[in-house]
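Protein chains: 2
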Amino acid sequence: MKVSLNQKILSRNEECAQKNKAFFVEHGVLCLNFISSPGSGKTTTIARTIRDLKDKLKIGVIEGDIKTDTDAQKIRAAGADAIQIETRGACHLSAEQVYNAIKALDAETKDVVIIENVGNLVCPSAFDLGENSRVVMLSVPEGDDKPVKYPGTFAGAEVVLINKIDLMEHIEFNLERVLADIRVVNPNAKIFQVSAATGEGLDQWYEWLLKRAGRSDD
Amino acid sequence: MKVSLNQKILSRNEECAQKNKAFFVEHGVLCLNFISSPGSGKTTTIARTIRDLKDKLKIGVIEGDIKTDTDAQKIRAAGADAIQIETRGACHLSAEQVYNAIKALDAETKDVVIIENVGNLVCPSAFDLGENSRVVMLSVPEGDDKPVKYPGTFAGAEVVLINKIDLMEHIEFNLERVLADIRVVNPNAKIFQVSAATGEGLDQWYEWLLKRAGRSDD
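Protein chains in written order, with this note's numbering: chain A, 685 to 902; chain B, 685 to 902.
It is possible that part of the hints are untrue.
What the hints assert, rightly or not - Under the rule of at most 25 Å between Cα atoms (straight-line distance), these lysine to any residue pairs were calculated in the SDA-like manner:
no.: 1; chain 1: A; residue 1: Lys692; chain 2: B; residue 2: Asn858
no.: 2; chain 1: A; residue 1: Lys758; chain 2: B; residue 2: Val832
no.: 3; chain 1: B; residue 1: Lys751; chain 2: A; residue 2: Ala873
no.: 4; chain 1: B; residue 1: Lys874; chain 2: B; residue 2: Thr728
no.: 5; chain 1: B; residue 1: Lys705; chain 2: B; residue 2: Ser817
no.: 6; chain 1: A; residue 1: Lys758; chain 2: B; residue 2: Phe857
no.: 7; chain 1: A; residue 1: Lys751; chain 2: B; residue 2: Thr728
no.: 8; chain 1: A; residue 1: Lys742; chain 2: A; residue 2: Gly773
no.: 9; chain 1: B; residue 1: Lys895; chain 2: B; residue 2: Asp765
no.: 10; chain 1: B; residue 1: Lys703; chain 2: B; residue 2: Gly840
no.: 11; chain 1: B; residue 1: Lys751; chain 2: A; residue 2: Lys751
no.: 12; chain 1: A; residue 1: Lys692; chain 2: A; residue 2: Ala839
no.: 13; chain 1: A; residue 1: Lys751; chain 2: B; residue 2: Ser900
no.: 14; chain 1: B; residue 1: Lys758; chain 2: A; residue 2: Ala810
no.: 15; chain 1: B; residue 1: Lys751; chain 2: B; residue 2: Thr728
no.: 16; chain 1: B; residue 1: Lys751; chain 2: A; residue 2: Val843
no.: 17; chain 1: A; residue 1: Lys758; chain 2: B; residue 2: Pro835
no.: 18; chain 1: B; residue 1: Lys751; chain 2: A; residue 2: Leu863
no.: 19; chain 1: B; residue 1: Lys758; chain 2: A; residue 2: Met852
no.: 20; chain 1: B; residue 1: Lys738; chain 2: B; residue 2: Ser900
no.: 21; chain 1: B; residue 1: Lys874; chain 2: B; residue 2: Val832
no.: 22; chain 1: A; residue 1: Lys692; chain 2: A; residue 2: Ala706
no.: 23; chain 1: A; residue 1: Lys758; chain 2: B; residue 2: Ala864
no.: 24; chain 1: A; residue 1: Lys751; chain 2: B; residue 2: Lys874
What the hints contain is simulated information worked out from the structure, not anything from laboratory work.
Given only the sequences and the hints, what does the whole structure look like? Please build it.
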């Protein structure tokens with residue numbers, strides 16, 4: 685009973701995710717779903733990406749949070765349109781929430797739509813939002829055991845951003861272990877080591893993003 | 685339909701939580717439920733507490749993780765009994781899982797049972813495990829906006845541990861803001877600023893714990 689109802693909820697989500705996916709294909713928009721723990725630096729990374737690529741990519745952002753619209757404000761301050769979804773307790777965004785946000789954002793006018801999911805390394809990975817690609821972030825202070833403890837989330841990523849690498853000198857963090865553990869569950873993930881605070885390593889992430897959005901000069 | 689089923693699941697959990705609560709009362713055991721994001725330092729803090737208070741408190745630990753038993757191993761290395769629960773995808777511990785773990789742990793022989801919940805700042809706060817008290821942890825690198833973004837979790841805490849304060853010199857973190865924001869949703873929370881890595885501030889946490897467990901010299 686419990687299982688079948690969960691399946692029903694998932695399948696309703698899946699239906700809506702398919703509509704979103706069709707929308708992104710039709711309009712040639714790349715949609716990324718950012719997933720991480722609270723405080724990994726999703727907003728900071730997205731805001732910096734918007735600033736650094738403002739002449740090359742038109743980015744719109746859908747922000748998910750339990751409460752507050754502070755992240756949408758930060759994104760707007762960086763120069764992009766943003767729609768805030770307050771989930772009021774829910775631990776992940778749903779495809780239906782994204783569907784409504786797409787319209788409010790005029791998503792068809794963007795090159796890239798970034799969805800910043802609720803800060804949670806577990807639940808968001810179970811809900812397809814119709815995105816083209818998942819970006820999972822892990823920040824150095826969270827520790828080097830996260831890929832083995834949350835394998836399902838890392839398995840679903842096209843890109844893994846290891847953020848706050850500038851803090852590696854102050855914190856014990858076995859980078860080799862992290863890279864190896866991600867490879868076990870996800871041999872094909874693109875892994876970039878970055879610091880959204882200092883800018884270190886962001887070039888490679890930008891290169892990937894421009895190429896994936898079909899806006900690379902290559 | 686969805687709501688009533690969720691209520692049913694919650695009420696089944698509540699029933700089991702009441703059994704756990706009765707057990708802790710009967711045996712004079714203090715049970716703490718640790719809730720935080722992944723990587724806030726729950727395991728490190730619990731392991732250090734076990735080592736530092738080994739002559740004063742008999743602590744047993746119930747570890748919750750999506751996958752791996754590495755945290756239980758760390759706790760045993762610190763000198764305490766530990767039971768690992770692998771939730772295999774579930775984003776929080778349930779009262780029933782704790783009920784089974786209590787027996788495996790011989791919890792009636794302990795002064796304190798610490799439950800380390802799955803690393804997740806959202807879902808665990810909705811599930812009563814029968815604990816006497818909730819300890820919510822927030823680490824400095826996660827950022828100073830977490831109490832306003834996850835108000836429900838902070839509202840339910842008897843204690844808030846702000847961990848990794850040794851990193852405050854390397855990271856922008858408005859401590860005054862955090863303290864004020866916690867006060868808004870939870871005026872009575874005991875808030876301790878600690879570093880489980882350096883030991884800074886742990887004395888006050890230990891003092892609270894000994895007193896709460898009825899093992900204080902006062």
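Right, here's what the structure says about each hint:
1. A:Lys692 x B:Asn858: violated, 44 Å
2. A:Lys758 x B:Val832: holds, 15 Å
3. B:Lys751 x A:Ala873: holds, 20 Å
4. B:Lys874 x B:Thr728: Holds, at roughly 20 Å.
5. B:Lys705 x B:Ser817: Between B:Lys705 and B:Ser817 the Cα gap is close to 11 Å, so the pair holds against 25 Å.
6. A:Lys758 x B:Phe857: With Cα atoms ~16 Å apart, A:Lys758 and B:Phe857 stay inside 25 Å; holds.
7. A:Lys751 x B:Thr728: With Cα atoms ~29 Å apart, A:Lys751 and B:Thr728 exceed 25 Å; violated.
8. A:Lys742 x A:Gly773: Status violated; Cα separation ~31 Å.
9. B:Lys895 x B:Asp765: holds, 22 Å
10. B:Lys703 x B:Gly840: Holds. B:Lys703 to B:Gly840 sits at ~20 Å (cutoff 25 Å).
11. B:Lys751 x A:Lys751: The hint is violated at about 29 Å.
12. A:Lys692 x A:Ala839: Cα-Cα ~24 Å, so holds.
13. A:Lys751 x B:Ser900: Cα-Cα ~39 Å, so violated.
14. B:Lys758 x A:Ala810: Distance ~29 Å between B:Lys758 and A:Ala810 Cα, so the pair is violated.
15. B:Lys751 x B:Thr728: Holds - the C-alpha atoms of B:Thr728 and B:Lys751 are around 18 Å apart, at most 25 Å.
16. B:Lys751 x A:Val843: holds, 22 Å
17. A:Lys758 x B:Pro835: It holds: about 20 Å lies between the C-alpha atoms, which stays within 25 Å.
18. B:Lys751 x A:Leu863: holds, 18 Å
19. B:Lys758 x A:Met852: At roughly 22 Å apart (the allowed maximum being 25 Å), A:Met852 and B:Lys758 satisfy the hint.
20. B:Lys738 x B:Ser900: holds, 14 Å
21. B:Lys874 x B:Val832: holds, 17 Å
22. A:Lys692 x A:Ala706: The hint holds at about 21 Å.
23. A:Lys758 x B:Ala864: holds, 21 Å
24. A:Lys751 x B:Lys874: Given pair A:Lys751, B:Lys874 holds - Cα atoms ~23 Å apart, limit 25 Å.
Of the numbered hints given earlier, the model fails hints 1, 7, 8, 11, 13 and 14; all others are met.
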